[in-house]
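Position in the sequence shown (from 1) plus 31 gives the number in the working numbering.
What the hints contain is simulated information worked out from the structure, not anything from laboratory work.
Yeah, the Cβ is synthetic: ideal placement off N, Cα and C, and Gly gets one too.
Incorrect hints may have been included.
What the hints assert, rightly or not - Simulated restraints on C-beta separations:
no.: 1; residue 1: Phe220; residue 2: Pro125; range: 41 to 47 Å
no.: 2; residue 1: Ile321; residue 2: Arg150; range: 31 to 37 Å
no.: 3; residue 1: Gly248; residue 2: Tyr301; range: 22 to 28 Å
no.: 4; residue 1: Gly123; residue 2: Phe276; range: 22 to 28 Å
no.: 5; residue 1: Val192; residue 2: Arg52; range: 40 to 46 Å
no.: 6; residue 1: Leu324; residue 2: Val56; range: 41 to 47 Å
no.: 7; residue 1: Phe276; residue 2: Lys309; range: 21 to 27 Å
no.: 8; residue 1: Leu61; residue 2: Phe151; range: 16 to 22 Å
no.: 9; residue 1: Lys216; residue 2: Arg150; range: 30 to 36 Å
no.: 10; residue 1: Pro310; residue 2: Val56; range: 35 to 41 Å
no.: 11; residue 1: Leu206; residue 2: Phe151; range: 23 to 29 Å
no.: 12; residue 1: Ile57; residue 2: Lys309; range: 30 to 36 Å
As the list claims (entries may be wrong) - Computed list of lysine-lysine pairs in DSBU-like fashion (alpha-carbon distance at most 30 Å, straight line):
no.: 13; residue 1: Lys309; residue 2: Lys156
no.: 14; residue 1: Lys305; residue 2: Lys160
no.: 15; residue 1: Lys157; residue 2: Lys216
no.: 16; residue 1: Lys216; residue 2: Lys309
no.: 17; residue 1: Lys217; residue 2: Lys325
no.: 18; residue 1: Lys325; residue 2: Lys157
no.: 19; residue 1: Lys309; residue 2: Lys325
no.: 20; residue 1: Lys305; residue 2: Lys156
no.: 21; residue 1: Lys217; residue 2: Lys160
no.: 22; residue 1: Lys216; residue 2: Lys160
no.: 23; residue 1: Lys217; residue 2: Lys156
no.: 24; residue 1: Lys217; residue 2: Lys157
no.: 25; residue 1: Lys309; residue 2: Lys160
no.: 26; residue 1: Lys217; residue 2: Lys309
no.: 27; residue 1: Lys216; residue 2: Lys156
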Amino acid sequence: MSTVLKENGVAVKSEFSFKERLWVVIPVALLFMLVCVLVYRHHDEFSWDGFIGGFDREFLVFFAIGIFAQLVDGTLGMGYGATSSSFLLAYGIPPAISSAGVHVAEMFTTGASAISHHRFGNINKKLLKNLLIPGVIGSVTGAYLLSDVIDGDVIKPFISVYMMVLAFVIIAKALRKNITKKKTKKLGFLATFGGFMDSVGGGGWGPIVTSTLLGRGRNPRYTIGSVNAAEFAVSFASGITFMIFGGVQGWQVIIGLILGGVIAAPIAAYLVNKIRRKPMMIFVGILIIILSLKTLWKFL
């Protein structure tokens, strides 16, 4: 229901209705509750001395990764998890800490991104609703397996190979020409698979879901905005699962990614229709391949 205000004696309809405000209020409320839970449950294990001691080196690295990854994800609709995870793995961060750190950070960065895309009118609400629940189911399943069942060190090389596959998918989508619009079928299966692979591999929601939808000729602006908004729920669900079954580790990684991503989110949402997608996608794909090869080389 819209609010009616009086301006100079004339009734004027308010800019946002109650339902519209919920698109901002719900993410902000969830993130506030998340901060309270993190402070309550983990304040004893958080060391300010250790955090400040590594501020000059590692924190700035993670902060830069957060900015770059969010700019990539917010403008292309894909690549946050793949980019940040590839950088973190190449830097020597273990897979479990890397994936958990990325997803806990994504709970904040995707919230900021969802609000920003809503502010700029980039969201198709019907598409968003179709992606939400299946994506959450897939992400929770993947996060549980990685936290409590799968050994992260064993699957590290497989994750690197998976990242390279995602990179080739990104490059292939960039090089496609004359995309004809087709009806999108099995959205639920697509979202479930994307959410699962995103949790296990530390990335994949965007490259799998966004690239498939764009490959079927959907409008880039609304596809990117909607998939980014749905990613908030996906990341929130997987992040909570990681915290329940695996705990929270790597505070410098998490805080660096959060601060960098939150700063970059509104900039990326603004640039979504202004940046040239093809060269950016090719550059990101090549970068992920290089980082994944470095991780494989270190493992071998």
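So which of the earlier hints does this model not fit?
-> 1, 7, 17 and 18
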